[in-house]
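*Asks:* Go ahead and model the full structure; you've got the sequences and the hints to work with.
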Amino acid sequence: MSVSLYIEVLIQGVLSGLVYGLMALGLSVIFGVVRVVNFAHGEFAVLAMYCAFVLFGLAGVDPIIASLPLAVAFFILGYAMQRGMVQPFVTRPQHEQFILLVGVALVITNGLLLAFGPESKHVDLPYSFDSYTVGGALIDKVRVYGAAAALAVTAALFAFFRFTSTGTAIRASADNLTGAAVVGLDVKRLYAISFGLGLACVGAAGSIMMALTDMTPMLAPSLTLLAFTIVIVGGLGSMTGALAGGLLIGVAEAVASLVVSPAIKSMVSFGLLVLVLALRPQGLFGKAES
Amino acid sequence: MMIAKTGLIDRRSLLAGAGATIAAPAIVRAQGKALKIALMLPRSGFFAQAGQSCYRGALATPKVLADLGYAVEIMHIDTESSNDVSRTQAEKAINDGAQCVIGAFESGNTIAIAQVCEQRKVPLICNIASAPQLTGQGYQYLVRNFMTGPGLVTNGLRLIGEISKAANMDLKTAVFMHSNDTFGTAQAQAMGKIFPTLNMPFKIVESIAYDPKAQDLSVEVTKVRGVNPDLLMIVTRAGDAIKLTRDMVRQKFQPKAIMSPGSPGLYDEEFFKAVGPYADGFIYNLPWFNVKSKMTQALEASFKATNPNHRFDLDGFNAGFTFEALLIAADAFKRAGASDGETLMKAIKATNIKDHVMIGGPIVFNEKGDNPNIGSASVQNIGQKPTVVYPADVAVAKPILPFPAWQGRK
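Taken in sequence, the protein lines are chains Z and G.
Sequence positions in the first sequence follow the working numbering and run 11 to 300.
Sequence positions in the second sequence follow the working numbering and run 9 to 418.
Please keep in mind that the hints were generated in silico from the structure rather than gathered at the bench.
Just so it is clear, the structure is predicted and the values come from calculations on it, not from any experiment.
Hints may be right or wrong, so weigh each one.
Said to hold, decoys possible - Pulled a few chain Z residues facing chain G out of the computed Cβ check, cut under 8 Å:
| # | residue |
| --- | --- |
| 1 | E106 |
| 2 | E129 |
| 3 | S271 |
C-beta atoms are modelled at their ideal positions from N, C-alpha and C, and glycine is treated no differently.
*Replies:* The structure is reproduced here in structure tokens:
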């Protein structure tokens with residue numbers, strides 16, 4: 011097998027990993043700040059995919075471009091959901107949070123099944139079947155666009171947390187909740203913004219994924235599992251970890267498929283998960299609890 | 009207080025009870041007229057597309073059966089493509105009065121149902137499921153009106169050899185790609201055993217198993233490109249056939265032929281909708297519906313009336329086998345004149361239906377419960393329509409080989 015094929019597979023792994031990373035980033039942001047694990051994460055990603063599908067059907071909007079308005083819409087949804095539904099559960103036991111979000115997941119999946127049926131849906135983009143030739147390597151055009159969009163959204167999120175006062179306040183309340191409250195930060199509002207940002211990530215990622223793959227409502231649990239694997243490998247609550255975890259899983263799956271067998275893709279992800287849990291339980295970029 | 013209350017019988021309850029007692033013989037008589045069949049299909053989940061296709065065939069069936077003098081009462085049940093759901097739903101269906109079970113398109117789901125039916129002594133007729141173990145485990149209440157995996161592979165390979173010879177194709181190397189689900193694995197095992205015995209003109213240089221639920225199959229296609237075989241043999245479902253096609257087009261992978269030795273996916277409506285003109289050129293060797301049969305024509309007419317938004321040529325495989333399973337049950341019930349499991353099963357095993365929908369001889373069952381008379385044909389997608397291209401006696405067009413170029417398709 012030629013070197014260019016290995017390079018091609020590596021690039022494909024990186025491109026897929028960037029989109030995976032964006033999706034997982036949402037989970038990490040929500041947990042890192044609000045300390046609630048969003049068990050409906052995959053379901054929100056699939057909801058975003060259906061929204062992108064409808065936008066494409068009604069107005070011909072490319073799902074990669076639709077990732078921007080959908081990120082905004084999902085931010086509003088997340089903000090409202092945190093304020094109206096999740097906030098009372100923030101201080102409740104984790105099993106109650108779990109039941110709440112699993113309930114939300116079931117409502118989304120069954121709602122989508124009722125509305126769209128179980129058949130898989132896809133969008134026909136003019137460049138769906140196109141590719142770039144770089145050296146001897148062939149790179150899917152749709153994957154390049156998707157990864158570029160994911161990178162742009164991720165960069166915007168990092169910039170928000172790094173350079174805005176609200177972002178700094180969110181980081182402060184994530185680091186020290188009591189301290190943040192003492193200095194007068196509106197923690198509930200910051201929680202709602204964080205939840206909104208988490209869903210904005212998943213909204214954008216879902217929309218991008220609509221361009222890359224077909225979807226059915228039943229796809230959601232596997233996406234939730236993928237997001238969990240990534241954030242646990244990268245470090246739950248760490249934004250850098252989510253991105254690195256996404257890249258690591260994407261590349262590891264691709265390389266293992268080529269070198270060993272495509273059938274072991276999932277085994278590689280879960281093998282990494284087990285390895286990280288055994289050797290570094292806080293994840294590659296997570297902080298060990300004192 | 010609550011206990012005392014439940015023990016009371018008021019006038020309303022008494023009247024309802026009396027009404028039910030009077031009506032009971034009528035209910036029994038009604039049950040005697042129509043066989044109550046639980047049709048278990050994966051109408052949601054991973055196999056939903058195929059399950060829905062079978063379901064559309066079932067919707068078209070009662071009219072055709074009624075015209076033939078049969079009456080059936082169909083309970084439509086979704087297995088959700090899950091073995092666990094299949095098992096629990098089979099239990100529930102039998103508890104709800106199902107006298108016969110039909111299903112379940114996927115081998116794993118069917119095995120789960122078979123265990124329940126065997127325990128409850130209720131006949132199970134497999135419409136589509138190819139895992140050899142279904143009829144190899146000595147089940148007494150199971151028959152299969154479909155080919156086994158080895159049967160599909162033997163016929164499929166034989167047809168690949170014949171069609172490539174007829175088209176003067178010089179195939180030296182092949183890669184075999186298959187999904188790693190129950191069906192794909194059974195096909196791969198059969199391929200491993202049967203291929204060396206058939207003296208085929210090409211050799212399999214690589215066998216690749218993949219997860220059909222993967223987000224994409226780009227790495228898998230890259231791996232095939234690395235080998236660059238003359239022939240790509242694939243065992244797919246609709247979802248992975250779509251991903252495979254997209255990635256082959258993107259990666260400009262163009263072998264001399266792409267053929268399936270016997271699997272779904274390439275003729276599914278979902279496949280045609282998703283890849284459009286890129287669906288053309290694929291060849292699959294499968295049991296297929298006989299367009300010349302009067303019963304097929306009747307089923308097609310009823311299908312068009314009940315499913316105006318769907319094409320029979322795309323659903324015909326699933327619809328045809330589902331129809332035949334229902335026909336077998338109805339025919340056995342009519343001959344048996346009883347619906348108890350033992351009597352009905354005896355009648356099912358004695359089935360001999362000469363006129364039916366799918367290509368092949370009369371529907372009969374051997375001692376294992378398989379129908380040995382099912383035939384295969386080579387079907388190629390031409391002009392986005394499944395077209396029988398071999399053997400010549402059933403073909404309606406000539407095969408297009410080598411595989412037409414991806415570029416320039418519209």
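*Asks:* Please write out, lowest number first, the hints stated earlier that are contradicted by the structure.
*Replies:* Structure breaks hint 1 only.
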